[in-house]
Structure formats: C-alpha cells, structure tokens
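K.L.:
Residue strings, one per chain:
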Amino acid sequence: MSEGKPTLLVIGAGIAGVTAALEAAETGAEVVLVEREPFIGGRVIRSYNYFPKMCPPTCGMEINTRRLERNPRVKVLTSSRVSAAEPNGKGWKVTVTTEPAFVNSRCTACGDCAAACTTEVADPFNLGLCKVKAIRLPHLNAWPKRFVFDRAAVGDDEAKAIAGACSYGAIDLEAKATTATFDVGAVIVATGWKPYPLDKLADLGGDLQDVIANVHLERLASPGGPTGGKILRPSNGEPPTRVAFVQCAGSRDVNHLPYCSGVCCLASLKQAQYVKDQYPAAEVTMYYIDRRTPGRNEDVLLKTSALEGVRLVKGKVGRIEQQNGSLKLHVEDVENEKVIEAEADLVVLATGMVPSAGDDDLALFTRKDADGFVLDDLGSAVTVAGVARRPEDVASSVRDATGAAARALVAAGRRA
Amino acid sequence: MDKLGVFLCTGCGIADAVDVDKVIEAANERKCAATLTHACLCAPEGLAAIRSTVAEQQLNGVLLAACSERAKAAEFSPLAGDNLVMFRTAIREHCTWSHEAGHEDTTMLAQDMVRMGLARLEGMKAFTRLQEAISDTVLVVGGGRTGLEAALAAAGLGHPVVLVELSDRLGGRLADQVSVAPEEPPYEAPQANPIPTLIDEVTAHDQIKVLTSTAIVAIDGQPGQFKVRLDGSSGLELTVGAIVQATGASPYDATRLGHLGYGASPDVVTSQELEKMLVAGRVACPSDGRTPQRVVFVQCAGSRDESHLRYCSSECCINTLRQVNELKRINPGISSAIIHKDLRAPGLMEHFYLATQKNTGVMITRGEVGGVEANGKLKVKLQHSLLGDDVALDADLVVLATGMVPRSADGERIRELIDCRHQAEHSESSQVRETSAKRAAELVSHEGTEILHLSYRQGPDLPTLRYGFPDSHFICFPYETRRTGVYAAGTVHAPMESVQAAEDGIGAAMKAVQCIEMAKRGEAVHPRAGDTSYPDFFLQRCTQCKRCTEECPFGTLNEDAKGTPQLNVLRCRRCGICMGACPERIISFPDYSVHMVAEMIKAMEVPEDFEEKPRILALMCENDAVPALEAAAANGATWNPWVRVIPIRCLGSTNIVWIAEALSKGIDGVILVGCKYGDDYQCHYVRGSELANTRLGNVGETLQRLALEPERIKVVELSHDEFDRVPKVLDDFAEELEAMGLNPLKGF
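Chains as they are written, first to last, in our numbering: chain A, 1 to 416; chain B, 1 to 748.
These aren't lab readings, by the way, just hints derived from the structure by calculation. Glycine included, every Cβ here is placed at the ideal spot set by N, Cα and C. Some hints here could point you the wrong way.
Said to hold, decoys possible - Sample of chain B residues facing chain A (criterion: CB under 10 Å; computed from the structure): (1) 351; (2) 525; (3) 534.
Said to hold, decoys possible - FRET-style restraints, in silico, Cβ to Cβ: (4) B:290 with A:328: 19 to 27 Å; (5) A:337 with B:290: 30 to 38 Å; (6) A:172 with B:664: 52 to 60 Å.
Stated by the list, open to error - Calculated pairs, DSS-like style, for lysine-lysine (alpha carbon to alpha carbon, straight line, at most 30 Å): (7) B:714 with A:316; (8) B:520 with A:53; (9) A:276 with B:728; (10) A:230 with B:341; (11) B:341 with A:328; (12) B:520 with A:314; (13) A:194 with A:176; (14) A:200 with B:714; (15) B:358 with A:368; (16) A:303 with B:520; (17) B:379 with A:338; (18) B:714 with A:338; (19) B:728 with A:338; (20) B:714 with A:75; (21) B:381 with A:90; (22) B:358 with A:230; (23) B:728 with A:131; (24) A:276 with B:546; (25) A:314 with B:676.
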C-alpha cells in the first residue's frame, strides 16, 4: 500500500458492501460505509439459509460484525443515504444525509421504551408480513444494536411517554436529519437489489393471499420470522400440503425482466427443502424453464430432486387463479406439449432481482446498462460490487466485492 | 494481572434482578483492588467513572460485569490498552435477562460470573504485538487470465509481483481462444480475447517479474516470509509475502467419453479442438477435410454425470453459444444445433442466449444424448428430448462441450499417502501394515500431483473440499483457504467463466496484499481479523505427542526430527485448537489459555449436596452458540439457573482438563455447544467442533474410573440462528442430570 491512505465510500451494507468495506479497511484504507436501513445485512440477513450448505447467513455476518467492530478504519452510517455526489478532481465529494436519530447512541437496547409503546406498524424487517412496535430493535441480531423509532407513526402524547420510559436519555424527539460531506478517492456501489414486485404479476396471482414471493418464504421459514419459523398459508394459518414453486416469475420474460435473475432456481430448490423438512408428506412441484444450478450448486438440484414427493416439471406457468380454498395453475407442459392444470394451496413465485440503483439518478452512477445495472468506471473512480452490477449469488457477490475493493483502491491510487 | 477492578452495571434491569451488594461481596472475596457500581456504565458518565477509578487505583485489569461483549463494543473496547486488560462478563444477557428477577439463584449466578471473570483476569497477561520483517512481494502461480489479472491488481496496489508459469508462454487455456463471451452491455456478441492486451500490460509492468517454464521446487516459511525455490534456468530463490494460486483447470479427459462417440470417429471433437479450427478461420471435418453442413454441440460432456464430474462446469453452455456465433461468422452456411440438459446462461448471459438464437438460427433443444453412431454419417441419438424419445440427429461434426477439472493438489491426501506408505513398510504391526497399504492404494492418484510444494507438516498443497476445489468457507468467505497467505483463484477455485476468473484473480490479489499488510501490523487474518495476540509454546514441557501438529486445521505447526512443534506464528488463526489438543497444557494465548479457563471453573461455587443446587458447565462457541443464547435472552427466554456459561473461541480449543476439573470439583455435568460439523460444516475453524467431539469420545474411560456416568458430558451442534432451541438444549440437559442424581464427587 502506498503511503497516503485513500478513503473509500461504500454505498450499501448488504453482503457485498460489508465485504468490500472490510476487505479495504483490513488492507489499510479508511472507509465510509453508508446504509439506507438502520442495520447492516441487506437481503442476506433476511434469508433463512444459504444454499448449498443450508446454513444461516447470520453466522457469517457475526464474523463480519466482529470484523467491523474491531476495525477503527470503517465508519458505518446507517439510516443514511448519499444525497449528492460530484467529482472533485481526485475522486468524489459526497454528501450523506442521515435520518433523524430519534434513538441515539446512548441506547442500550434494554427495551423499556417498547414497553411504553402501543402503536404497531408493519415490520420492514419481515417485509410487512407482521406488525411490530413503532419503537423496537429492528431484529434480534441487528447491528448496530440500537432501537429505531418510527416517529411518524406515533402521536405526540405516546411519543412523550415512550421518551419518558428511557432511563438513559437515548430518545430525542427533536432530532433532525443531519448531513455530512466526505472527500473520497473512489466509490464502491453495492446498492443491491429489490424483489420484482408481486403487484406486477397479477396473471400469476400476485394479489392472492396464498401466492407469496420467494423472499417471503425465507421469512416464514426463519425462527425470527412472523410465524416463528413455521411455513403456513397466509390465508388461514394452516400448514400447506401442496406447494408449487413457479420459476422465472418476472424473469426471462420480455414483459417484465428480460434477463435471468441467476439465483431463483437455487433459491426454490433450497426452499423446497425447507418445506419438506417441516412437512415430509407435502407435495412439492417446481415449474421451470431451465434448471440453472451452476458449479457445485448442482448438488442442491440433485439433493432436492431426489426427495420423495418433489417433482420438477419443465413448463411455464401462465396463469394462477383462486379456486375455492385452493389455487389453480395453468401450465404449459413443454415436455409433453400440452397445457396442464394443477392445484396447490401455497404458491411461491420465484421473483427475480431488480437492481436498486435502477431508479436512482446519482451522478456517480456514471455507467448503467439497459436493465439498470451499474457498471465499473475506473476512469471516474467508481467500481460496482454484487447485484448492483449483475444478478448473482452470495458467493459470487463476495468474490466480486473483494475484487471491487481492489479495483477501487487502484483507481483511487492512480488519482491521488 | 494483579490489580483488578470490578465494574458492575446496575442498569438494563440488572439491579432489579440481583442483589447488587451480594455480587460485590463475591468480587471482594477475590481481593480485587476496586469495585464500582454504576447505573449506566456505557454512557459517557459511566465510562468516565471507569477511567478515573482505573487511574486512581492504578488498575491493570478491568472486569466489566455488564452486557455482552457483543454489545457496546465501540464504547468499551477503547478502555483496554497496553497496560490494561479487560474481560467482559455478560451479566445482562446470561443472567438477569434470562432468569427470575429477585431469586437467590439469579444472584448466585451473577456472583459466580464475577468470580469466574476475576479468575480469568488474574491469568491474563499484557503482551506486545508481533513486529516481523514482512516481504511486500506477491507470488502468483499460473499465468492464465486469472494470474495475469491477479498480478496487475497486486502491482496496482503497490506490491511487487513475481508471476511463475509452468509452460513456456503466458495466457493459459484462454490464449487459444478466438474470442470470449460478452462481458459488456448489451451482452449480445462475443468480445475480443483480452489475453494479448493483458500479456502486454503484465510484461511491460516494472513491478511484475514474469518467469515462464518455471516450476516451484519448495516453499518454506510463513506468510510475510515465504522462501520460494524455483527451478528453470534461474534456479532462483526469493522471499514473498503471500501467494495467489491460479493454476486453472484442465478440460475433462475426452478419451473417457466413448459413450458420446469420442474416438469412434475423428469427426467427434471436443470444444477445444473446435476452437483450434475457429482460431485458424477454417472449420472442417477432420475425417476428410470437408466443410460440415451441420454441427451438433453436446453439452455436459463429462459434467453433471455421476460417472464423470458430478458438478456443472459452469462455462460450457456460454462457451458453446460463443462458438456457435464464431462458426456462423466464419461460415454462415453451417447450421448448428445444441443438445443440453438445461441451457445455463444465468444472469445477464440470458441476453447472449437470446441474441445467439436470433442471430445464428441455432437449434437449441433439451435432451439426453444416448450415444453417437459413427457408421458413415454421424447420428446423435437423443432420449427424453423435446423432439421426442429415441430420435436421431444427423451431424457432420459433433462437438463435445467437455467440462473442467481443477488443477489442484490435495496436500492433506498427499501427506496421508506418504504416511501410509511409510507405515506400510515400517510399522511393527502386520495389521497396520496391511490397512496402511490398502489406504495408500486408494490414494495413489495423488502421487506426483504437488504444485506449491509447501514444506508443511500437513502436506505440500492446499487441502481441498469435495470435487478438488481448494476452499474452506466458499459462501461467506470464498478466499479462505486453510493455508494462511495462500489464496486460490480462477477455475482452480471453482468452476467459472473467464470473466469471473478474471475478477476472482483480482479478489485473491486483494486478499494476498491484505494478508501482507496485516502481517506488518502484527494482526491475525480472518476470522479473528485484527487480533494481535498469538500463542506461546512452553516447549520445555513438550512430550512430542504431535497432537497439536496433527490437529491444527491451518498447518501452522511443523515438527523437528524429534516431533517437537515448530510454531510459524504468521500462519496462525488463533483458534486455540492446538491448545485444546495439548495434554501437557503448554500452549497459551495471553488472554486465553487452558489455565485461565480451568481457573474460571475452579472459581465457580459448587453448593454442598444437601442444598440441592446442581451446577452445570456450558462451554459454548462464541461465534454461534453464544450469539444464539444472547438472542434468546433478548427475546425474553429463560433457562435453568444452574448453568454457568463460558464462551470459548472454538469448541476445538476445549481441553479435556476442563472437563476433568469440572467433574472432580463436583459440577454435575458439562455441555459443549458448538457448530455443525461434517461435509457442510459451519465451524469457522473448519474442524474445531468435530475435533472436540472426537476428543470427548475418548474421555469415557476417565469417567468410568471416577465412577461417573458418561451422560454427564454432552456435545450439541447448534446454528447461529437457533435462538429458539438453545434454552431448551440447556434445560433438557439439566433435566437429564437431575434424573441421574447429583455428582457423587461433590464436597471431596
């Protein structure tokens, strides 16, 4: 490392952003890591298990959190976003806006405030599948370990009662948004993805209660999820007996996302294992165009397809409708050249990944492709990591993020 | 440390749950120099109170009896320093949040936690971080695209690079390709081969030294100080700081693909053989030189096949699409067809798939190839295809998309082979000679596969996972190999396309540079990144049992001729597995040792049997089991108050002495809670939990000698997210012990 240590900005603290920030900081760089949500972990922290090992993402995140806590070179700004960026000759001058800290760093996460709070809001950590207190720890392993307060949801009297319940002076009802500016040598864009919205998939029953997205099933299967880890039909809270996974729900489709989202086959094969683990007698059917399980992830395909009661059918689901208590699927069965009808009581749509940066218009997204993915621009000292760049799985995102940290340091070094 | 202070936080409900005076009494039993209670130690006022007490009383050790070390680290960590050690005991999570408020058992638990914390601190030592001479140079092994990119990245980061390549030229397999798959939007057409530009950049770079026709003779030493001997014309010896292994992959041996017609006709070729024609700009049937009218590509030739490679080779579908494009470009009259099991064009390669279909008119169909008939015209026989069952496609040229096999060597298997051969010849037992010879025969394929020639007791190369990929935690930490400072990248690392291999090379170069920088700062690398402590071996008492040298998952220890361990501290990951293995207890960290934990166990108060308060020791992995327990506490769960938890670095650091100490003291049972092991292990130190389980399997005899039930010791595997299960694990064990009755050794 050359002498003058560059400062890097990392946007997004999902697995790619956290990795890029840590790899750069452990190498010696100063890093500012900016995250929109009040906690780190992004999409992976909301998953129950990783494929192919079927292990919890919180396990690796625990190590990454310890790395962050031990490293004085990373400054983490949560509940924050980059509100402006302009080239400054050597790199970028960025402005970061942080939401009002109604709960500040004096918070001990003791929970006294939540006991005084009666208002409930839809739980963003659980993707709105359940309600939580307006003031709460965002989730059990949240880091920073600090409560968040959805101030707007609560009336003034209750807010005062909540603030009064805190013995540590951690609640500041007058808190204002703050901004800070940083001069950085290079930027790593790790803004990740959001699921393709169900409301654009009306043909596939996106508006029906028992039609859920793959990201929802991750929450349902998680011990920290809305059902305490039980996979249940949203309509009646009953265990499902026939579960259908519909692949390419919005992906590989000219009317929606023209690209393949890269991970959904593996996600569904993994989730079929969740279902079979909980309900060995359940019938599980997965409708697919191609089973894309590259590399050693082939093991997941082999394991799931060998399970009794699991069927993989090559076919495109065209329509799903409610039929009394269950769901009716119209499937084009390509193998046998006919249209078949099937029934299920829980349908999981394998919705794809939409790049989060797609709709954002920051000056530092200097290159974007037609799908909204951001591209490296080393000349402008911008590198991109993870799904901000292209659809990919966690292992690829981590590799990619490590490389992005190197590319950013090299780009910053050239300009310094 | 000898001047200790106890700082008991009374906030977060602690004072409501325990008798604070009694907890302070317990602290004073051990003659600490100062005690302080405060309603919020983590607030600026609390921190100031700690600092002033430390200064006034000239303390050199601080016990924080407050929240878990996983909370408020930013506030508390800066308290410790060169002359002040700190230990945190999680009264809040492990005691007051999770036990009945006001009950005497809850106060007794807090008292024990303070006693145990002080015992730990008494043993802790101040230390200075390592300061070693560290080489900045990165050695890159392999000059394909991955190695070239790694070399440029490391050099770009300001580090000198030596790139060694076995063959006489750079570029690797890719050098023989006419193009690569699209890497830039709109991802629709093949791109120019980047290899020539990369070679130019590398050879022109003044920080990169390229050595072709060069192999490694030996690598001695440790990260920061590897001594590398090379063959080749120079016979060069050099010192490097870290290594990137980018040795690539070989195409699967097509002579084993007779069932797909390879060998039956010269017109059945591999994708590499077709590529040569594409590079030459003329595609012809090898049998008679005629231009083929129809070329049929057969995917998964050797991949996704139980009899060959079980995995998918990842690049072949994309590579075939690229070849179809090139074929069309060279000779628009040739028609192509692709037979696949699934067309794998993941992510943005979907654009390439669609564009190829549109631009070339290639027929792409799913099917299993049942064989290739080669009587005159070639016939590709298809089963279960979309075209129907048992149909045949005519072809002039058949191209087998052969998979890739990593060019790796499994160092541990090589070592085992050498050991078995030695035993087969020299063992005194005929039975050992026989089983060793049998095992050696199984391992014979590893003979002569060495690449890195590491002079490590545990073998000359990176250990590999299933399928031969040198990895250890390939999801969360894909660069973690089991040899510190050596990073695999590219197609040796995992099956991947060339653009991914390029990126992987850059990532591995980053890790190599990072390892060097961390070594300079005296810090451990992953997973205890930033830890500046390191183990000390008191070798005068070593009995050369070799358990530590055999069990270290990271090959840290070599042996001298007598079997005494030789520590290579820069290879060490600080897991403490050696410490758990050592029967003589001679391995210690300044803040973690067999002695310190044994003293913690001794410090527990074990009530006499008439009090009917059993005691249970829980040794729990600090990375997974303890976080699960603390999440349970935060979620309002409770568990049995007889349990005393000691967080440990890794279950593998458990020394049997701790168990013996606990049981002989009258503690009723010991439970170890650690990570899952087996093929899909979750242990961050790879083998720790498995080793602990093996070691405990051997204590049955000791227990019998003490006339104790073996069920008083239990090992449980638990994942980080199982907060809902962990209280029950502890409660169930307490119930089992209750049924067994109290430990008869109580009071002796």
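K.L.:
Among all the numbered hints in the text so far, which are the ones the structure does not match?
P.N.:
Hints 3, 4, 7, 8, 10, 12, 14, 16, 18, 19, 20, 21, 22, 24 and 25 not satisfied by this model.
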